[in-house]
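Heads up: the sequence lines are chains R and U, in that order.
If you're matching positions, the first sequence starts at 1 in the numbering used here and goes up one per residue.
If you're matching positions, the second sequence starts at 1 in the numbering used here and goes up one per residue.
It is worth saying that the hints were derived from the structure and are not from the lab.
Idealized CB from N, CA, C, for every residue including glycine.
Among the clues, some could well be false.
Stated by the list, open to error - Calculated from the model, a selection of chain U residues having no Cβ within reach of chain R, i.e. all distances over 12 Å:
#, residue
1, G61
2, G83
3, H109
4, E113
5, L118
6, P120
7, G131
8, A146
9, D169
10, E180
Unchecked claim - Chain U is faced by these chain R residues, among others (derived, beta-carbon under 10 Å):
#, residue
11, E111
12, L114
13, T116
14, L117
15, E164
16, R167
17, R170
18, A178
19, S179
20, V181
21, G183
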Amino acid sequence: MGDLVLQQLANGLSVGMTYALIALGLTMVFGVLHIVNFAHGEFYMLGGLVTALLTSRAGVPYLACLPAAAILVAAAGWATDRLAVRPVIGRPDGATIVLVATFAAGLIINETVLATLGPAPIRVDGIAGVVKLGPVSLTWQRIFAIVFGILLIAIFQIILRRTEFGRQLRAVAQSDYASRVIGLDVERIKSLTFILAACVAALAGALIAPILSFNAGMGYHTAIHGFVVVVIGTMGSIPGAVICGLGLGLLESVASIFIGQEIASACIYALLIVTLLFRPNGVFSRSA
Amino acid sequence: MLKCIDLSVSYGPVPALARLNLSVAAGEVVALVGANGAGKSSCLKAMMGLVPGKGGLELDGKDISAATTRSRVEAGLALSPEGRHVFPEMSVMENLELGCIPRARARYHDLVEEMLTLFPRLRERQKQAAGSLSGGEQQMLAIGRALMSEPKVILLDEPTLGLAPIIVDQIADLINDLRERGIAVLLAEQNAEMALGVADTACVLETGMLVKTGAAREIAQDSSVRSAYLGAPSEEESA
Ligand SMILES: Nc1ncnc2c1ncn2[C@@H]1O[C@H](COP(=O)(O)OP(=O)(O)OP(=O)(O)O)[C@@H](O)[C@H]1O
Ligand SMILES: [Mg+2]
């Protein structure tokens, strides 16, 4: 039993990493653009799709698929921003209309993939091999997903804290108006943030595809988990997104030993409601 | 240096600013005085391109009326906005850094040093979050952030609002200092006493219209201005 829990913890870490990466993008888009991006999960799915198609149909080595997924999905992010976000965001009810517009964009992406490839999962060959650590055996792919995820989060922190773009991004997150006053190109910074978030989601999709297989519905499921993570971890908080993402992956994975996957998911939504009742701004907010 | 020609702003049917003509020369301080809602902030925002305005705007003889805020800042215009609007969760240093635009980048270290000398209170609080500064310190940071772009013209919107008299005096000293450096200053103030005391030229706005303009010292003596904004009759009348 103890071994099983350990094994599930190890598995949960890699899945949790994808939740963390998804939530990171969502929370950043929320913090900087002040919108909720309902198409976000489809960027994750597209990342998985690029990896699945390139490895299975074109024989491209897995590691070469990661930059390809990031670049192609950046283009999808750019188009979504141009067509579904920018034109509506400035309107009086912009933040609400954007919900519907990004939801529509997500559906279009999803239905297009579903119509072309069908719902059947596609197996993706990632990094082969298994490592045994005492009672726990982990595939190299899972280890890679965890390490690469940590690396991405670290790079992200460096961009945010150490680069001029990062400083400008934080400026826009704190005050749109003040950023305009000092002459920052606020629209450009917002678009870049949106695209960067799409890239991170795509990489998360590319990391998980060899573990869980690709299917067109993967974005939907994970995005909902991403939203839960972002709300529990406080909208706009990056540490909140990362810690709650990992926590959720671990919790879900261990709980599924005892109560099954579906009920474990239901418990997580219950946790969301409890959080909203007692800490409406999330666990990582400065004021409750 | 800065010249606006028939500058108008309206947010709907009612104009907030109607066909304003004014100019500020290098080393000149122009005060824009008027009651709440007179259109002072609208004027400064339109000059920065933060709200849409109609009419001409020239900086150094170049037309900038169609330019983005970004290129106006690059061209040498800077604003310290009403309500300060510092970046609350960033340190004093980071706020100053953000004010330093590409054109001024090469002089970044000199500029920071200059600001910290100009505002010694900020030097002591370099690492402190701007949101936790006192109102006066935030005001100084907002002005410092604007000066980090090495502007030719600085627009100050209500820099003394809610500040203690001693800080108001410091800000007046600072404005005199800016004048000596040859910067053009446009000062929007409800504190007419301070504004007319420090300015060379004054413009009085009423519901978006320029009703009086002239040497600040003369405007300060004008009986209608005195009763409306200075809370006292003119010296001639009381004499
Ligand atoms: N964003 C806006 N939308 C609609 N009306 C506005 C807007 N901003 C200002 N106004 C209106 O324009 C007029 C001028 O406002 P403005 O802020 O320029 O005045 P002000 O002289 O700066 O006043 P104060 O001394 O109170 O700062 C006011 O009647 C105000 O209600
Ligand atoms: Mg005002």
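Do the hints match the structure? See the list:
In this structure G61 of chain U is separated from chain R by more than 12 Å, as the shortest Cβ-Cβ distance comes to about 21 Å. A cut-off of 12 Å between C-beta atoms contradicts the statement that G83 of chain U is not in contact with chain R; the least separation is 9 Å. Look at H109 of chain U: its CB is around 16 Å from the nearest CB on chain R, clear of 12 Å, so calling it non-interface holds up. The Cβ of E113 of chain U sits about 20 Å from the closest Cβ of chain R, beyond the 12 Å cut-off, so the non-interface label holds.
At roughly 18 Å, the least C-beta separation between L118 of chain U and chain R is larger than 12 Å, which holds for a residue marked as non-interface. For P120 of chain U, the non-interface assignment is confirmed: its Cβ lies about 23 Å from the closest Cβ of chain R, beyond the 12 Å cut-off. A cut-off of 12 Å between C-beta atoms contradicts the statement that G131 of chain U is not in contact with chain R; the least separation is 9 Å. Residue placement check: A146 of chain U does not keep its beta carbon more than 12 Å from all beta carbons of chain R (closest about 8 Å).
The non-interface label for D169 of chain U is consistent with chain R: the shortest C-beta to C-beta separation is roughly 26 Å, beyond 12 Å. For E180 of chain U, the shortest C-beta to C-beta distance to chain R comes to about 25 Å, beyond the 12 Å cut-off, and the non-interface label holds. Given hint, E111 of chain R at the interface with chain U, is violated; its Cβ is 38 Å from that chain's nearest Cβ, farther than 10 Å. Because the beta carbon of L114 of chain R sits about 42 Å from the nearest beta carbon in chain U, more than 10 Å, this interface hint is broken.
Taking 10 Å as the C-beta contact cut-off toward chain U, the hint placing T116 of chain R at the interface is violated, the least distance being around 41 Å. Because the beta carbon of L117 of chain R sits about 44 Å from the nearest beta carbon in chain U, more than 10 Å, this interface hint is broken. Evaluation of the E164 of chain R hint against chain U yields a held restraint, the C-beta minimum of about 9 Å falling below 10 Å. Taking 10 Å as the C-beta contact cut-off toward chain U, the hint placing R167 of chain R at the interface holds, the least distance being around 6 Å.
The beta carbon of R170 of chain R is positioned within 10 Å of a beta carbon in chain U (closest approach about 7 Å), and the interface hint is therefore held. Residue-level restraint check for A178 of chain R holds (minimum Cβ-Cβ distance to chain U is 4 Å; threshold 10 Å). Contact between S179 of chain R and chain U, as hinted, is supported at the beta carbon level, the nearest pair being about 8 Å apart and thus within 10 Å. Here the hint on V181 of chain R is kept, as its CB sits about 5 Å from the closest CB of chain U, short of 10 Å.
For G183 of chain R, the shortest C-beta to C-beta distance to chain U is roughly 3 Å, which falls under 10 Å, so the interface hint holds.
Violated hints, listed in ascending order, are 2, 7, 8, 11, 12, 13, 14; each of the other numbered hints is respected by the structure.
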